[in-house]
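2 protein chains.
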Amino acid sequence: MEENNIALITRMVLEAIEKQNREEKGFLVPVGVSARHLHLTQEHVEILFGKGYQLTRKKELMGGQFASNETVTIVGLKLRAIENVRVLGPVRGKSQVEISATDAVRLGIKAPVRESGNIKDSAPIAVVGPKGAVYLEEGCIIAMRHIHMSPKDAKAAGVSDGDIVSVKADNERGTIFNHVKIRVDESFTLEMHIDTDEANACGIRTGQTVTIKKSI
Amino acid sequence: MEENNIALITRMVLEAIEKQNREEKGFLVPVGVSARHLHLTQEHVEILFGKGYQLTRKKELMGGQFASNETVTIVGLKLRAIENVRVLGPVRGKSQVEISATDAVRLGIKAPVRESGNIKDSAPIAVVGPKGAVYLEEGCIIAMRHIHMSPKDAKAAGVSDGDIVSVKADNERGTIFNHVKIRVDESFTLEMHIDTDEANACGIRTGQTVTIKKSI
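Same order as they appear, the protein sequences are chains Z and E.
Going by the working numbering, the first sequence opens with residue 39, and the numbers climb by one from there.
Going by the working numbering, the second sequence opens with residue 39, and the numbers climb by one from there.
I should point out that these hints are in silico values taken from the structure, not numbers from a laboratory.
A quick note: this is a predicted structure, and the numbers were derived from the prediction, not measured.
Certain hints may be false.
[Claimed, not checked] Reference excerpt, derived from the structure (chain Z facing chain E, CB under 10 angstroms, subset only): (1) V51; (2) P168; (3) R211.
All residues carry an ideal CB built from backbone N, CA and C; glycine is no exception.
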C-alpha cells in the first residue's frame with residue numbers, strides 16, 4: 039500500500055471519528071408547537087373586526103410578535119369550517135393563514151408546505167370575523183418546520199442563517215426531521231417550530247428538546 | 039504506525055464504505071396509512087349491533103383481515119365523541135380501539151403508543167353502536183408504526199422478525215422514523231403501517247414508498 043493512501047485513510051478515519059463524536063453530542067433546541075393561526079393586514083383587521091379596530095395583546099411571543107385576543111373562523115373551498123383560529127399580531131403586509139396538513143384535509147383544501155411569508159399561489163381560504171369576511175385568493179399554507187436562533191446560538195451550534203439541518207427527537211416514537219431550515223436573527227429566542235401534526239406524530243410537546251444533527 | 043493498525047483501519051474504512059453503499063440504496067417499502075379503527079370480540083359485536091350479528095365485509099385487507107361495513111361512535115373520558123369509526127374484522131379475543139395522538143387530544147384521553155394486541159393498562163373508552171354500548175376499561179391505544187413483510191422480503195431486506203429499523207421518507211418534508219418494528223409472517227404483504235398523524239406530518243400518502251435504513 040502506498041504511503042499516500044495510508045495517510046489519506048488514516049485522516050479519513052480520524053475525521054469520521056471526530057465528526058461522529060460531535061454529532062452524537064449535538065446541539066439542544068427547545069421545541070415550540072404552533073397551533074393553527076393567522077396573520078392579518080390592518081385593512082383585513084378592520085374588515086373582520088370593525089373600522090379602526092386594533093388587535094389586542096393576549097400573550098407575548100418571540101421577536102415582538104404576540105397572540106391576540108382575537109379569533110376568526112376559516113372556511114375552505116368545500117365550505118367546511120374551523121372555528122376559533124387565533125390571530126397573531128402585529129399586523130403584516132400580507133394576510134397569511136397557517137394550518138396543519140390535518141386541517142387541510144378537514145377543510146378540503148390543498149395547502150402547500152411553505153416558509154412563512156412565501157404565499158404566492160398558495161391555497162385560497164375565507165376568513166370570517168364578527169364584523170365581516172375576507173376571501174384570500176392565496177395565503178393558506180402549511181408552515182415549514184424551522185429553527186429560530188440568535189447569532190450567538192448559531193455560532194455555538196456551528197450553523198448559519200439559511201442552513202438546512204436534521205433534527206433528532208430521541209423519545210418513545212423516535213424521529214429525525216430532515217430539511218429543517220435555520221433562521222438567525224438578533225430578536226430570535228432559540229426554538230424549533232413544528233406544527234401540531236408533527237408534534238402529535240412524533241410525541242413532542244412544547245418545551246421538550248430536540249438535537250440538531252448535520253444533514254443525514 | 040503498526041502494521042496491525044494499518045490493516046485494522048483499512049478494513050474499517052472498506053466496511054464503512056460498503057455499509058454506506060448498502061444503506062444508501064436501502065429497501066423500498068410501500069406505505070399504508072391506517073385511519074382510526076377498532077377490533078371487537080364477537081360478544082361486543084352482538085352488544086353493539088344485535089344478538090347473533092356478524093360483521094359484514096366491505097374491503098379485504100392483508101392477512102385475512104377486512105374492513106367491515108360497520109362503524110361506531112367512540113366517546114372519551116371528557117364525553118367528547120368521534121363518529122363513524124370503522125370496525126375491522128374478523129372478531130378478535132379482545133376489543134381494541136386504535137386512534138391517532140390528535141384523536142386522543144380531541145377525545146381528552148391519554149392513550150399509550152403500543153403494538154397491536156398489547157392493551158394492558160391502556161386508555162379506557164366507550165364504544166357506541168346502533169343496538170348498544172360497551173365501556174372498555176382498557177383497550178384504546180395509539181398504534182406503534184411497524185412494517186409487515188413475508189419471510190422472502192425479510193431476507194431481501196436483511197432483517198428479521200422483531201428487528202427495530204429506521205425508515206426514511208425522502209420527500210418534500212423529509213423524515214426518518216426510528217424505532218420501527220419489523221413483523222414477519224407468511225400471510226403478510228410488504229407494507230409499512232403509519233397512522234394519519236404520521237402521514238400528515240410527514241407528507242406521505244398510501245401507496246408511496248419509504249426506504250429501510252439500519253438504526254441511525
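Q.
Restraint: Z:V51 near chain E, CB-CB cut 10 angstroms. Satisfied or not?
A. With Cβ-Cβ at 5 angstroms, under 10 angstroms, it holds.
**Q.** Proposed interface contact between Z:P168 and chain E, which counts if any beta carbon pair is under 10 angstroms
**A.** 26 angstroms, violated
Q: With a cut-off of 10 angstroms on the beta carbons, see whether Z:R211 makes it to chain E.
A: 6 angstroms, holds
Of the numbered hints given earlier, the model fails hint 2 alone.
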